[in-house]
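*Asks:* Sequence:
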Amino acid sequence: MSELLPPPPPPPPPGRDSGFGDPALVFPEFAAKQCVLEKVIEEEGEGEDSSYGKGSFDLSSRFSSPSISRNGFDDVENQRKASSFKRPPSGSRLSGFREEEEADRSRNSGSFVDHIGQEDKRICASGCFRKCCACTCMFVSIVLIIVLLVGLSANSSIKSILPQVLVTNLKFSRLDVTKSSTDLLMNANLYTVLQLSNNNDKTVLYYSPMKADISSENINLGKKMLPGFKQDPGNVTSLKILTRLRKSKVYDVDATLLTNKEKTLEAVVDVFLRGKLSVDWLGFKVHIPIVIACENVKQSDVINGVKPACDVRTFSQ
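Numbered as in full-length UniProt numbering, the sequence shown ends at 317 without a single skipped number.
Since the hints were derived computationally from the structure, they do not count as laboratory data.
Just to be clear, a hint being listed does not mean it is correct.
[Said to hold, decoys possible] Result set (DSS-like, lysine-lysine): computed pairs, CA atoms no more than 27 Å apart in a straight line: (1) Lys247 x Lys224; (2) Lys261 x Lys249; (3) Lys276 x Lys223; (4) Lys179 x Lys247; (5) Lys298 x Lys240; (6) Lys276 x Lys230; (7) Lys307 x Lys211; (8) Lys211 x Lys224; (9) Lys307 x Lys261; (10) Lys131 x Lys171; (11) Lys240 x Lys230; (12) Lys261 x Lys223; (13) Lys276 x Lys240; (14) Lys171 x Lys247; (15) Lys159 x Lys240; (16) Lys298 x Lys249; (17) Lys211 x Lys171; (18) Lys202 x Lys159; (19) Lys211 x Lys159; (20) Lys179 x Lys261; (21) Lys298 x Lys263; (22) Lys223 x Lys240; (23) Lys171 x Lys240; (24) Lys224 x Lys171; (25) Lys298 x Lys171; (26) Lys230 x Lys202; (27) Lys298 x Lys223; (28) Lys171 x Lys261; (29) Lys224 x Lys298; (30) Lys307 x Lys240; (31) Lys211 x Lys247; (32) Lys159 x Lys307; (33) Lys247 x Lys223; (34) Lys171 x Lys285.
[As the list claims (entries may be wrong)] Now the in silico label distances, taken between C-beta atoms and shown as ranges: (35) Ser248 x Thr203: 38 to 46 Å; (36) Ser248 x Met225: 14 to 22 Å; (37) Asp280 x Lys240: 21 to 29 Å; (38) Val193 x His287: 21 to 29 Å; (39) Asn218 x Met138: 48 to 56 Å; (40) Arg174 x Phe284: 44 to 52 Å.
Since the structure is predicted, the reported quantities are computational estimates derived from the model, not experimental observations.
Think of the CB as a built atom: it goes at the ideal place given N, C-alpha and C, for glycine as much as any other residue.
Please build the complete structure, drawing on both the sequences and the hints.
*Replies:* What follows is the structure, given as structure tokens:
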């Protein structure tokens, strides 16, 4: 015996097979239209085949669905069109974006150009500063070289016109030491002769008043102020210096050394003359500070006819 099969499920109600559900529920304004359509379907179905009256061919789905889709979506389309009227078209929007982009590029390019201009100005300023420094250093170097050359030439010229100085006589006419209650006192007379020779052919030498200072064994033997004089080219002049020392306090050791050496004619004397030497140069008289230094002059050499030479120093005190 065959098993009984369950009855088939009832067909779905007409007009609900679409994905939108009942149009009357979704769109209330179409409820009246749906009722009219159902009445028309019922009247037409009475004169046709039974297959058309049983709902197999749903006119509501044929007529209502397109109308629903057309009318419902027309409103949506109208809203989209209204919004499209409010929004600018895509072409104008792109053109606006392009204009803004071009403006940004122009601003960026302008700022970049300004930055490059500032960099160029800074580089130009630094280059000009370096050029000025280089020119200044070069100018200063040239001036210093010229001054150095002039100084060297002037120094050599001055040395060539300086006189030659020799010690021709050195003699103690008196040298004694006396003792007081507390100190040791010395008396001395010294006679010194210096020979100055102007070996220039045309240059005339002018000597200002000079101060003579003579010492021996750390004892000051006296000071003498000598008058100024003029010396013609090829002239030889002797300066006689007589110094005197009276009751000067001395140390016992120094006094003993000097007196013992003077007795054997081995005394060593230092003679210094300080003053100025003037010469005529290009119509101007140039004054040169000089020091005539006769150091470590031995009395025995002078007595034996040896003339110790003195050093003439310039620009020294």
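*Asks:* Next step is simple, just say for each hint if it's right about the structure.
*Replies:* These are the hints, each one checked on the structure:
For a cut-off of 27 Å, the pair hint linking Lys247 to Lys224 stands: about 17 Å separates their Cα positions. Distance hint between Lys261 and Lys249 is fulfilled; the C-alpha atoms sit about 19 Å from each other, no more than 27 Å. As the CA atoms of Lys276 and Lys223 are separated by approximately 18 Å, the hinted pair is consistent with the 27 Å bound. The hinted pair formed by Lys179 and Lys247 meets the criterion: a straight-line CA distance of about 10 Å does not exceed 27 Å.
For the given pair, Lys298 sits about 18 Å from Lys240 by alpha-carbon distance, which is consistent with the 27 Å threshold. Among the hinted pairs, Lys276 with Lys230 is consistent with the structure: their alpha-carbon atoms are about 12 Å apart, no more than 27 Å. Distance restraint check for Lys307 and Lys211: the Cα-Cα separation of roughly 22 Å lies within the 27 Å cut-off, and the hinted pair is therefore satisfied. The suggested pairing of Lys211 with Lys224 holds, with an alpha-carbon distance near 6 Å, which does not exceed 27 Å.
For a cut-off of 27 Å, the pair hint linking Lys307 to Lys261 stands: about 20 Å separates their Cα positions. Our distance criterion of 27 Å between C-alpha atoms is broken by Lys131 and Lys171, whose separation comes to about 69 Å. Annotation: proposed proximity of Lys240 to Lys230 holds, straight-line Cα distance about 16 Å (limit 27 Å). Between Lys261 and Lys223, the direct Cα distance comes to roughly 22 Å. Compliance with the 27 Å bound is thereby established for this hinted pair.
Distance check on the hinted pair: Lys276 and Lys240 sit about 18 Å apart at the alpha-carbon level, within 27 Å; holds. With a C-alpha separation of about 20 Å, the suggested pair Lys171 and Lys247 falls inside the 27 Å cut-off, and the hint holds. Between Lys159 and Lys240 the alpha-carbon distance is near 24 Å, which keeps this suggested pair within the 27 Å criterion. Of the supplied pair hints, the one linking Lys298 and Lys249 holds, its CA atoms being roughly 24 Å apart against a limit of 27 Å.
Between the alpha carbons of Lys211 and Lys171 the distance comes to roughly 20 Å, so the proposed pair stays at or under 27 Å and holds. Taking the CA atoms of Lys202 and Lys159, the gap is about 15 Å. The hint holds against a cut of 27 Å. For the proposed pair Lys211 and Lys159, the alpha carbon gap of about 22 Å is at most 27 Å, so the pair holds. Simply put, Lys179 and Lys261 have alpha-carbon atoms about 20 Å apart, close enough for the 27 Å limit, and the pair holds.
For the given pair, Lys298 sits about 13 Å from Lys263 by alpha-carbon distance, which is consistent with the 27 Å threshold. Restraint check: the Cα-Cα separation between Lys223 and Lys240 comes to about 13 Å, which is no more than 27 Å; the hinted pair holds. Using a Cα cut-off of 27 Å, the hinted pair Lys171 and Lys240 holds, with the two alpha carbons roughly 12 Å apart. The suggested pairing of Lys224 with Lys171 holds, with an alpha-carbon distance near 16 Å, which does not exceed 27 Å.
Restraint check: the Cα-Cα separation between Lys298 and Lys171 comes to about 11 Å, which is no more than 27 Å; the hinted pair holds. Among the hinted pairs, Lys230 with Lys202 is consistent with the structure: their alpha-carbon atoms are about 14 Å apart, no more than 27 Å. Distance restraint check for Lys298 and Lys223: the Cα-Cα separation of roughly 19 Å lies within the 27 Å cut-off, and the hinted pair is therefore satisfied. Distance hint between Lys171 and Lys261 is fulfilled; the C-alpha atoms sit about 13 Å from each other, no more than 27 Å.
Distance hint between Lys224 and Lys298 is fulfilled; the C-alpha atoms sit about 21 Å from each other, no more than 27 Å. Note on Lys307 and Lys240: the hinted pairing holds, with a Cα-Cα distance of about 15 Å set against a maximum of 27 Å. Taking the CA atoms of Lys211 and Lys247, the gap is about 22 Å. The hint holds against a cut of 27 Å. Under the criterion of a C-alpha separation no larger than 27 Å, the hint pairing Lys159 with Lys307 is consistent with the structure, at around 21 Å.
As the CA atoms of Lys247 and Lys223 are separated by approximately 15 Å, the hinted pair is consistent with the 27 Å bound. A threshold of 27 Å between alpha carbons decides the hint, and for Lys171 with Lys285 the separation of about 37 Å lies outside it, so the pair is violated. Under the hint 38 to 46 Å, the C-beta atoms of Ser248 and Thr203, about 41 Å apart, fit the expected range. Distance hint check: the CB atoms of Ser248 and Met225 are about 19 Å apart, consistent with the given range 14 to 22 Å.
Range check, Asp280 to Lys240: about 27 Å between beta-carbon atoms, so the 21 to 29 Å window is met. For Val193 paired with His287, a C-beta distance near 26 Å keeps the hint of 21 to 29 Å intact. In this structure the supplied range 48 to 56 Å holds for Asn218 paired with Met138, their Cβ-Cβ distance being about 54 Å. Evaluation of the 44 to 52 Å hint for Arg174 and Phe284 yields a pass: the beta carbon distance comes to about 47 Å.
In this structure, the earlier hints numbered 10, 34 are contradicted, and the remaining ones agree with it.
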